[in-house]
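Student: Listed below, chain by chain, are the residues.
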Amino acid sequence: MEKISFNQLENLEERESTHNVYGKEKFSAEDAKKHVETIINDFGDHFGSLGYREEEPVLISSGVDSTVRFVGSPISVLKPYFIEGKIPNPGIFMHQDCIRTKNINKLLDDDFNPAWGSYFPNMGAITGPERIHEGCMEAFDFFEKKLSVSKKNILIRVSSTDQDLLGICRKRFEENNLEIDKKSLSYYRHKLGIDGVWGRNCNIALRNFDGNGFSDVGNLIIIENESSQLCLEISIGPSTSLKQMHGLDHVQDCTPVVGLELIDKKYRRKLEDAIVTSTVLFREGLRPFGQNARNRILKKYIKAISYFRIKCDLTTDELPIVISNFEKREFGEVDELVSPVMVEFIKFFEKDLLNKGSDV
Amino acid sequence: MSEIKNIIKPRKITKGAHIRIIAPARSMGILSQDLKKSTIERVEKFGFKLSFGKHIDEKDDFNSSSINSRIEDLHDAFSDGNVDAILTVIGGYNSNQLLDYIDYDLIKKNPKIICGFSDITAIANAITVKTGMVIYLGPHFSSWGMEQGFEYSIENFTNCCMKEASYSLLPSNSWSDDPWYIDQKNREFVTNNGYQVLNPGHALGRIVGGHVRCLNALQGTGYWPVLDDSILILEEDAEINPALFDRQLQSLIHQSDFKGVRGILIGRFQKETTMTIDLLKKIVETKKELRDIPIIANVDIGHTTPQATMPIGGSMEIEADSNKAKIIIIEH
Chain A
1 MEKISFNQLE NLEERESTHN VYGKEKFSAE DAKKHVETII NDFGDHFGSL GYREEEPVLI
61 SSGVDSTVRF VGSPISVLKP YFIEGKIPNP GIFMHQDCIR TKNINKLLDD DFNPAWGSYF
121 PNMGAITGPE RIHEGCMEAF DFFEKKLSVS KKNILIRVSS TDQDLLGICR KRFEENNLEI
181 DKKSLSYYRH KLGIDGVWGR NCNIALRNFD GNGFSDVGNL IIIENESSQL CLEISIGPST
241 SLKQMHGLDH VQDCTPVVGL ELIDKKYRRK LEDAIVTSTV LFREGLRPFG QNARNRILKK
301 YIKAISYFRI KCDLTTDELP IVISNFEKRE FGEVDELVSP VMVEFIKFFE KDLLNKGSDV
Chain B
1 MSEIKNIIKP RKITKGAHIR IIAPARSMGI LSQDLKKSTI ERVEKFGFKL SFGKHIDEKD
61 DFNSSSINSR IEDLHDAFSD GNVDAILTVI GGYNSNQLLD YIDYDLIKKN PKIICGFSDI
121 TAIANAITVK TGMVIYLGPH FSSWGMEQGF EYSIENFTNC CMKEASYSLL PSNSWSDDPW
181 YIDQKNREFV TNNGYQVLNP GHALGRIVGG HVRCLNALQG TGYWPVLDDS ILILEEDAEI
241 NPALFDRQLQ SLIHQSDFKG VRGILIGRFQ KETTMTIDLL KKIVETKKEL RDIPIIANVD
301 IGHTTPQATM PIGGSMEIEA DSNKAKIIII EH
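Top to bottom, those sequences are chains A and B. Going by this note's numbering, the first residue of the first sequence is number 1, and it counts up by one from there. Going by this note's numbering, the first residue of the second sequence is number 1, and it counts up by one from there.
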């Protein structure tokens, strides 16, 4: 039988665009948390069964990594292990909730449509420099064996300047699965906030659910300095993976805010982002007080909620319900909800916003 | 300068809670046996179970006890998993001696309500600075011995320490400045004229402060609370007078982060201080740094009775204009 080419496969799948190539369906807001937890557990099962030790997550606002305002990746927590050369064999894995605040400075720009939410769960692992090949294979196994993603739906984006990574990928994948040098070199490079230490990465992309194109869901990063390789970092996004496999409209559908579906699309994702990020940080005990960068950023998100509430004609009676429903669903039955306190802050800043104009 | 820590709110207590009594300032030994007995009865009748720090009755030349004794009782209270909350016996002068010896990590890992006032200001602000935990400036254990005029205190203690919801802090109907612990039967109550707005405005902030001289004794130390976005709570006792209060207030204004103060609440002064609202207005008017800060005076905090409970490290919104003043305790 004639072997079907990769391009032919893509064309075939384009014609079947309503079909999900992973055989999965979109999940409801009610089921989102369960799906996120499942993939995180899958990751833990996979690397745990390989002997990796689990590291406990930290608060996003803990300041554990002085080079960033919020923990934006598990590597912030895992840095001490490779800096001190104390990575246990075969490695360490963890789940870490993260916040990256790039969105906030453009959130009020109507032309800005964020592809990612500021808050996201993340999964990461590191293994020693002597296990870079094995570590990469273990990461590929996670997708192919644990998540049952067919090889044809995986694309590795890699630079030819990274012959070590390219060589590893070629041992595992066909040329069809490799996208070489299609991005600028900076795409294949990582900064870690440590002098003299950098990362060289290839990215793992999964095919879009309708068969058209790919989107990144994780990366494999060789962390090194001038004299030696320090470790391999494996970083995989649960929400980006779920978005690809389930054909979600947006990664934020993994942490959905129910009740905003009918508001202007231009604002919906940004209001969601502000609500989710503020709630997560409030639950960690951070408050929009003072001059510390973390507190000031939270203040911007809170003010953004006020701004979008007014723009979207969401009433002051509706907003608390939307926020508390999100909090209850995302964090379960907890002793104390932060949403009532958040709403008091929002009302206060809203009054200021109306009186003084936006300084977000 | 310290940075504002993430807030840690201790679990609220309910009737039936186990309260540990400790004496980080003056000793329980200074209370009369009658007052001690009746106070225990009243607290237990309210519904709390009581236990006492090991060293609570020790009494030295300063009517207090050694640093080691007071620290041991404080640490025991936080580390004992059976203890739900802590009340201090009474104020005094020396609780700031403890600040370098407190195991703040222990407290952070075992957050629980601790309530007292006056000299306890030092401990309250220090613990909040070091851990982010909310500390409650409100009735001491000994305050609970008051037979008349304590209802407002209990109501506000309940709102602050036993319920989750935000609430409006209303002025008491009447107040007293008599030595109630000497004569419980013949009390003198004065009708409360309500809050006095010294400066109008609207502010939201983190609650900082307490007894002014105890607070000011923290200046220049690692226990000084960051004033950025704060609502400053100021109260004094009978030892102050208008000129001395002015000096203390000026000293606060000289703090480099005073510009971060968003609002000020001033507690009712005791009669002996000779402070009047007119004098207080004059003091405030002389200070240009206060012109844009809403200030509400004659609040039921401090050394007259009854008294509200203030969650240091919590948050508050105040709204003041010439007709009305509103104080909302948002987070406590």
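Hints are computed from structural coordinates only; laboratory data are not their basis. Heads up, some of the hints might be wrong.
With a straight-line Cα cutoff of 25 Å, these simulated DSS-like cross-link-like pairs (lysine-lysine) come out [said to hold, decoys possible]: (1) A:K300 - B:K163; (2) B:K281 - A:K351; (3) A:K299 - B:K5; (4) B:K259 - A:K347; (5) B:K324 - A:K299; (6) A:K347 - B:K163; (7) B:K259 - B:K163; (8) B:K259 - A:K328; (9) B:K49 - A:K347; (10) B:K37 - A:K351; (11) A:K102 - B:K5; (12) A:K347 - B:K326.
Per label pair, the in silico range of CB-to-CB distance [stated by the list, open to error]: (13) A:T316 - B:K281: 31 to 41 Å; (14) B:L50 - A:F331: 57 to 67 Å; (15) B:E44 - A:T316: 27 to 37 Å; (16) B:Q33 - A:D317: 40 to 50 Å.
Take a look, some chain A residues computed to stay more than 10 Å from chain B by CB distance [stated by the list, open to error]: (17) P57; (18) E84; (19) D110; (20) F112; (21) E144; (22) K151; (23) H246; (24) G285; (25) L286; (26) N295; (27) P340; (28) V341; (29) E344; (30) K351.
No residue lacks a Cβ here, since even glycine has one placed at the ideal position from N, Cα and C.
Student: Are the hints correct? Go through all of them and say.
Tutor: Hints, one by one, checked against the model:
no.: 1; hint: A:K300 - B:K163; result: violated (30 Å)
no.: 2; hint: B:K281 - A:K351; result: violated (28 Å)
no.: 3; hint: A:K299 - B:K5; result: holds (15 Å)
no.: 4; hint: B:K259 - A:K347; result: holds (23 Å)
no.: 5; hint: B:K324 - A:K299; result: violated (28 Å)
no.: 6; hint: A:K347 - B:K163; result: holds (22 Å)
no.: 7; hint: B:K259 - B:K163; result: violated (33 Å)
no.: 8; hint: B:K259 - A:K328; result: violated (38 Å)
no.: 9; hint: B:K49 - A:K347; result: violated (40 Å)
no.: 10; hint: B:K37 - A:K351; result: violated (51 Å)
no.: 11; hint: A:K102 - B:K5; result: holds (23 Å)
no.: 12; hint: A:K347 - B:K326; result: holds (15 Å)
no.: 13; hint: A:T316 - B:K281: 31 to 41 Å; result: holds (36 Å)
no.: 14; hint: B:L50 - A:F331: 57 to 67 Å; result: violated (35 Å)
no.: 15; hint: B:E44 - A:T316: 27 to 37 Å; result: violated (44 Å)
no.: 16; hint: B:Q33 - A:D317: 40 to 50 Å; result: violated (56 Å)
no.: 17; hint: P57; result: holds (16 Å)
no.: 18; hint: E84; result: holds (23 Å)
no.: 19; hint: D110; result: holds (29 Å)
no.: 20; hint: F112; result: holds (28 Å)
no.: 21; hint: E144; result: holds (41 Å)
no.: 22; hint: K151; result: holds (45 Å)
no.: 23; hint: H246; result: holds (34 Å)
no.: 24; hint: G285; result: violated (3 Å)
no.: 25; hint: L286; result: violated (5 Å)
no.: 26; hint: N295; result: violated (6 Å)
no.: 27; hint: P340; result: violated (7 Å)
no.: 28; hint: V341; result: violated (5 Å)
no.: 29; hint: E344; result: violated (5 Å)
no.: 30; hint: K351; result: violated (7 Å)
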